[in-house]
Amino acid sequence: MTAMTVSQLAPFYGARQAVKAVDMTIDAQKITAIIGPSGCGKSTVLRCLNRMHETIIGARATGTVHLGDQDIYAPDTDPTLIRRRVGMVFQQPVAFRTRNVYENVAVGLRLQGMNAKAELDVAVEGALRSAVLWDEVKDVLDKPGTALSGGQQQRLAIARTIAIKPDVILLDEPCSALDPIATANIEELLLELKQQYTIVIVTHSMQQAARISDETAVFMVDTTSGQAIGELVEKSQTLHVFTNPQDPRTESYISGRVG
Amino acid sequence: MAKQPQVDSWSSGNTLLQHGDVPFRFGTVVLAGSVVALVFVMAIIMVMASAEARTAFGFDVLTGQEWNPVETELAPPTFGAWPAVRGTLLSALVAVLVATPLALGIGIFLAELCPPRLSVALSFLVELLAAIPSVIYGVWGVFVFVPLFNDAFSKPVSQTVGDYIPWLAGPVATGRGILVTGIIMAIMILPTIASLTRDVLRLVPNTQREAMLAVGATRWETIWLAVVPYARAGIIGAVMLGLGRALGETMAATMLIGNSQRISESLFAPATTAASLVANELTNSVSSLHESALITVALALFGITLILNFGARLLIWYVDRRMAGGRS
Amino acid sequence: MNSVPKNYRWRKFVDQLMRGSTVLATGCAVIPLVAIIAYVFTLGAAALSGDFFTQAYVPPGTVEMADTADATEPAFDPEDPFAGIGLDTVSEYDGSQPAAPAANPDDLFAGIGFTETVNVDTSMPSESDLYSAGPQGGVLHGIIGTLIIAGLGLLMALPIGIFTGIYLSEYRMQRFATTVRFCVDVLSGSPSIIAGVVIYVLVVIPTQRFSAIAGSMSLAILMIPIVTRTTEEMLKLVPDSMREAARGLGAPTWYSTFTVVLPAALPGIVTGVMLSFARGAGETAPLILTVLGSNIISTALLEPMASLPLLTYRYTESPYPGENTLAWGAAFVLMMLVLTMNILVRIATRNRAGAGR
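Residue numbers (our numbering), protein chains in the order written: chain A, -1 to 257; chain B, 7 to 334; chain C, 5 to 361.
Quick caveat, the hints were computed from the structure, so don't treat them as lab data.
Okay, the calculated bits of chain C under chain B, using three or more residues with CB under 8 Å as the criterion:
| id | stretch |
| --- | --- |
| 1 | 182 to 188 |
| 2 | 200 to 213 |
| 3 | 305 to 317 |
| 4 | 326 to 335 |
DSSO-like, lysine-lysine: derived pairs with alpha carbons at most 27 Å apart:
| id | chain 1 | residue 1 | chain 2 | residue 2 |
| --- | --- | --- | --- | --- |
| 5 | C | Lys16 | A | Lys115 |
| 6 | A | Lys163 | C | Lys10 |
| 7 | A | Lys192 | A | Lys136 |
| 8 | A | Lys163 | A | Lys28 |
| 9 | A | Lys28 | A | Lys192 |
| 10 | A | Lys163 | A | Lys192 |
| 11 | A | Lys18 | A | Lys28 |
| 12 | A | Lys141 | A | Lys115 |
| 13 | A | Lys115 | A | Lys163 |
| 14 | C | Lys16 | A | Lys163 |
| 15 | A | Lys163 | A | Lys141 |
| 16 | A | Lys115 | C | Lys10 |
Pair ranges (Cβ atoms, derived):
| id | chain 1 | residue 1 | chain 2 | residue 2 | range |
| --- | --- | --- | --- | --- | --- |
| 17 | C | Phe180 | B | Gly64 | 32 to 38 Å |
| 18 | A | Asp76 | B | Arg268 | 56 to 62 Å |
| 19 | C | Phe17 | A | Asn113 | 14 to 20 Å |
Please read all numbers here as calculations on a predicted model, not as lab measurements. All residues carry an ideal CB built from backbone N, CA and C; glycine is no exception.
Let the sequences and hints guide you as you build the complete structure.
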């Protein structure tokens, strides 16, 4: 089943096009990895999937992205509602300093109007359990979110994201600021989460993509026009991408000759 | 200086140049030291010059209700600056209460909402507001704002609501009083609070905004629930600096508050402030005790603004450092 | 799947409302700015006559000429410090006035017992018009006084400010630097009247006289922190590589500071100097306690002197409409000075920022 369909998506920074028009589909309840060398626009494309890209001054995108049957780039679409349905976890673990662990998870729920203590308790515990963080933080729920370790903060961010039960979770290099043990924890968690959620993860680590993803999209930088522009060169099942790449550029990238 | 192979022009022949560092350093230290000395002299001068009144009245100089510098046959002079202290606190409080929400709005608009190009232009305008000399606020207040405010607000309000709320009670005569002074002061401290708020908001890492947006927050929710709380300490610092300015503001108060020693509950009534009391009476002081009492008032003002400024700077510095320190 | 959360319309409304109110708040800052500038410019321009920039005070009326203090000896008099400076209806003349004032019985104040005097040189509007109590004389004495007092204050503040800035920037690691920085903060944070009080106690009382130089001293106290701050900030912006390059050639610190670092930071320092001058020129409170004010063109540093902010203040408090108009005029000149300085600084810093990128 297809969760999202991207067609002719072209992100811009001001007048500069960052990535050549992208067409791809994202399968529901699978992990789709986006890999590629620095500057290929992989994060930019990811940020277009929940309209986070346009929050940067001067940034915009053309094309369409369908979430289910709704075009998230249709003129009457409210980006706030899209972001509520397509959650995002960032490279730097983000905890809200002035909120405790509990409120860090509850914040999205409160925005949706959930204020009953009992209801929140259940939802927060559920999200923290899903993020495999509950056992570590259940005694420090009233400590500031920033008191947790980096890996814990990243799982806290994931808990915050899944607490509002989005359709899709986007992760932008979620492990690049973490140590190997924390990384392993997150990877394990993602494999759990794909039972319920559609996951798209940008990673600079091909090993990580190979370990956890079902599908892989490879982006490369094209400099032939004199200006660097990213492009999607290949997308298929992860196994195919790594064992039998169709594009020579993919092959040289995964064999370590480029990037 | 590190030992380096020296270029010809610096070697032996030019000893004056080479040894210039000692006097240079000495000179800068002495001049920098003179700033330290100046502050010490200022403090000592005021402490000494206020000694007479402080020993005669103690804390009563600030809390006593009667300020009566002229000795009469019936009573000795009394120096209790409570009317001035009260007027200072109330007018500064009005100023901060009026200015803070506006300044917060301006800071948010400049840092978060308006296009960068416009932000630069508007920031300049707001900072220009801070550059206008306070005496010009005074003139404008006296001739333009006070009559306007008097007719449009003070009189109608005092005649209606004023019957029930003593703070807003009449009668309103010239229109000079605490409320008007506070409002003009609010305009004066607006740029201080607004531009500092803008600066601390800009220091908030983008990750905080994005994380809030990513859980489906609207733009305003992002600002109000993520950005502003993150910069909380800095904003409080900005407000404290504004409060410090309002407390010490002399001209607007002198020209607009009415300079009356009578304590009235109404904010429309004339009052006086510490700074305007000093400005009005110090050059006319009738006795050394009078002079000393005025300097005590000035010393108290100095102390309070000092404490506020340092609290504020500490908070802003704390935010700066925390943000410069990176994430978490 | 596509459901809109039930509270979403309300949230959207709050979002728009609050974003709108930040625009309103910004308007609330810009409106008084525009209003003040507009009033000062229109009413101030009305005060501009041919005499405005060329003449000093011409009194609107006299009641008791006998009370007039001797203008040539404005010594400190604790009993009546305002004598002879036109605060009351009392006025004074000095020999430098171009023409003797002539009494005019038809003027505005005739009916209420005042005798207004007008300068025959002034091009007064129709005197029969009772409502146009036009301004007489000018604020030349104020302009001269402000330039002298603020200029002298700047001269005092410059060496201390610049060298303290150099010290804080070039020897920033020393423990004493923290103390110095603390004291600079104290100076910049304390109310301007405090500078007046200190100089009043330190200079005015011992010398028994108000004087321009005392005013300059109090302004210097206010200018020092501004000059120090900008110097320090500007010197810090000079890349360390420039210092190292100079030292690599064997130049001693003082030589590299004066020939390399300071010139590189000069435009920024000049900016700070201009701003501190503008700030000092606009200060009123300390001058009330130190120079008192004057109605004549005076360049004697040891005597009271006129200054624009003082004139603005005194003329505002004056009961005479003509003097009120002059208050706007003085405010106008002051405002022009401040705005010009700020705009120049703006242009200068923008060019530099543009070149830096």
